[in-house]
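Protein chains: 2
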Amino acid sequence: MEGKRPIIAVDAMGGDFGPSVVVPGAITASRENDLHVLLVGDTPRVEAELEKLSLDGASYEIVHASDVVHMNEKPSDILRRKKDASIQVACRLVRDGGADGVVSAGHSGAAVACGMFIMGRLPGVERPALATLLPTEKKPVVVLDVGANVDCRPYHLFQFGLMGDAFARDLLGYEAPRVSLLSIGEEEGKGNSQVKEAYELLKMAQNLNFIGNAEGRDIFTGDVDVVVCDGFVGNVVVKMSEGLASSLTRMLRKLLTSGLLPTLGALLAKSAFKKFARKVDYSEYGGAPLLGLQGLAIVGHGRSNAKAITAAIKMGGTFVRKGTNARLAETILANEELTRFSKAL
Amino acid sequence: MEGKRPIIAVDAMGGDFGPSVVVPGAITASRENDLHVLLVGDTPRVEAELEKLSLDGASYEIVHASDVVHMNEKPSDILRRKKDASIQVACRLVRDGGADGVVSAGHSGAAVACGMFIMGRLPGVERPALATLLPTEKKPVVVLDVGANVDCRPYHLFQFGLMGDAFARDLLGYEAPRVSLLSIGEEEGKGNSQVKEAYELLKMAQNLNFIGNAEGRDIFTGDVDVVVCDGFVGNVVVKMSEGLASSLTRMLRKLLTSGLLPTLGALLAKSAFKKFARKVDYSEYGGAPLLGLQGLAIVGHGRSNAKAITAAIKMGGTFVRKGTNARLAETILANEELTRFSKAL
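Those protein sequences? They're chains Y and L, same order as listed. For the first sequence, my numbering gives the first residue as 1, with consecutive numbering after it. For the second sequence, my numbering gives the first residue as 1, with consecutive numbering after it.
Hints listed in this document are in silico derivations from the structure and should not be mistaken for laboratory results. Don't take every hint at face value.
Using 27 Å as the maximum straight-line C-alpha spacing, the simulated DSSO-like pairs for lysine-lysine come out as follows [unchecked claim]: (1) L:Lys190 / Y:Lys83; (2) L:Lys138 / Y:Lys196; (3) Y:Lys138 / L:Lys254; (4) Y:Lys139 / L:Lys254; (5) Y:Lys190 / L:Lys196; (6) L:Lys138 / L:Lys203.
Some, not all, of what chain L presents toward chain Y, calculated at C-beta under 8 Å [what the hints assert, rightly or not]: (7) Ile219; (8) Phe232; (9) Glu242; (10) Met251.
Remember, it's a predicted structure, so these values are computed and weren't measured experimentally. Idealized CB from N, CA, C, for every residue including glycine.
With the hints as constraints, model all of the structure from the sequences given.
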């Protein structure tokens, strides 16, 4: 391991299952990746979970937070009124230099809002973007934005491309990630007005391997590494891919196990479906980083299990060790003129 | 069969395969559904295809068109310069009362442009919308718009909902189709600015079973009947569902046929995959109607085979026999005040 040991503040109260999955997930990540984890939450509840675990080789401490957020609360209300919520306390730790990053399994709206407004943006970043990894036939693809920005201007999409590039280089190890713009035709000049202008900007970007438009059918072939879209479209894409994968699997399983040799068919199918489920299992990747912040925030799925929490925290560790934020800030600044030009239009 | 026999003008030169698949597809549709088909295209080439077929029970005539369009031509150029292209001649037949509808397997951009500008819109319709059927775990779902309108205003989405409702009632036989608005959260108030305003309009619509927002994951469960979105998002959804279904099928097939008992596994899998392919086979539905026109236009997939052409023409016949356009015009007019109100905002 290079450099100093990353410190990750973990929202112990986050997600659908709270400390019961977050605490073991964090301890495993600390042990396996040499990270220091700050377990932010209600001390007695966190301690109760720690008591159940073997803590050998783990590096952790508890940071008390007296409040939790509920799924039905509005992000803006949480931000204004719940100063002692675990997600707010965790974000302030990052802002004040006590941690390098924060990991939360949600309330995802609250995590995004607290990340944006408590930690703040990197210089030159117009809008932080939520990036996620989706499985493909080959290596995973980075899709961004997937929900942080539903109404976008062309220069927002442009910056999403720059940030997605930095993420794919460091986290997936691509030399020159193939960055694409999601549109409705491959040719330049296809798309809505926002996408057409973003195309022009991406084409002129410094240090970017922009390969042009991608269509919906290109997302899962593994032939593009980064897919840029606004947060509305990205959110539809992510939720649809989850939904369609489940629906297709159910349809196919039903067909496979209702044939002439149902038992044998079911047996054969079982192991294949297991492997398949692993391949399309989003918990493998753990979480979606909110790119463009001062510091690092990773938002996990609300339904995260301990394995997903571990994966999200490990992603945070890699992010810190590779200095992804420095690279990201650099590429944003190198392209500042283009951004400013587009804003002035 | 009720009423007079529908007359469908078929773009014999359309699609990737032209007369060789369109002519047999049209003859089959005529015979099986008691339709009169006008085969619009190059007379010698159409005649050559007819000679290969048994024509018993079919009702057809040839309408000569001396020009064809090519895939790389711009719709606007085709519209302006290719007055004798088969798609233009076919659309003029509908406009002038010689046919009830036109079916073309593309150039789809040209078909949409010619439909809109030659045939014209129904009174009160702001923007015609391309509607498609996607397979789900239960009955198919209507998605619109899927590419005719990439930059939409809220009242466009509103009218798409009204037109999708008319289509689902008549073509799928739903009593009160469950109409939903594609967004990024189920609750009212989720979405981008355009969707939030469209929600308000749909909620107030006359004679519409609007059930609220649907998320990407809800499209394929079969629990909604109509999904409303702008043409950019809809096009991404349709292409992504094609792409993801292919990718998942390839991934799963590979896993299923590489197990302990590869031959047996492959055998068992083969018939299941065949049934599965049929279930997600877009050619079952044939084509996407462009809703809101004076007359009827159905745009088929460029890769349409004869079966898909037959299905598209049959859809046209049902459309005419059920009087879907009259119902559509009625619901548009019943909601004209809301549309005008939103336009004035």
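Given the hinted pair lysine 139 (chain Y) and lysine 254 (chain L), is their alpha-carbon gap at most 27 Å? The hint holds at about 16 Å.
For the restraint on methionine 251 (chain L), tell me whether the closest CB of chain Y is nearer than 8 Å. holds (6 Å)
Given phenylalanine 232 (chain L) as an interface hint, is the shortest Cβ-Cβ distance to chain Y below 8 Å? Constraint on phenylalanine 232 (chain L) satisfied, holds at 5 Å.
Quick one, is the isoleucine 219 (chain L) hint okay against chain Y at 8 Å, beta carbons? holds (6 Å)
Going straight from one Cα to the other, do lysine 138 (chain L) and lysine 196 (chain Y) come out at no more than 27 Å? violated (37 Å)
For a C-alpha distance cap of 27 Å, please report whether lysine 138 (chain L) and lysine 203 (chain L) respect it. holds (26 Å)
Are the Cα positions of lysine 138 (chain Y) and lysine 254 (chain L) separated by 27 Å at most? holds (13 Å)
So, as I understand it, the hint says glutamate 242 (chain L) touches chain Y; can you test that by seeing if any CB pair is closer than 8 Å? holds (5 Å)
Given pair status - lysine 83 (chain Y), lysine 190 (chain L), alpha carbons within 27 Å: With Cα atoms ~25 Å apart, lysine 190 (chain L) and lysine 83 (chain Y) stay inside 27 Å; holds.
Decide if the proposed pair is consistent with the structure: lysine 190 (chain Y) and lysine 196 (chain L), CA atoms, cutoff 27 Å inclusive. Given that 27 Å is the threshold and the Cα spacing comes to 26 Å, the pair holds.
Consistency with the previously given hints fails for number 2 only.
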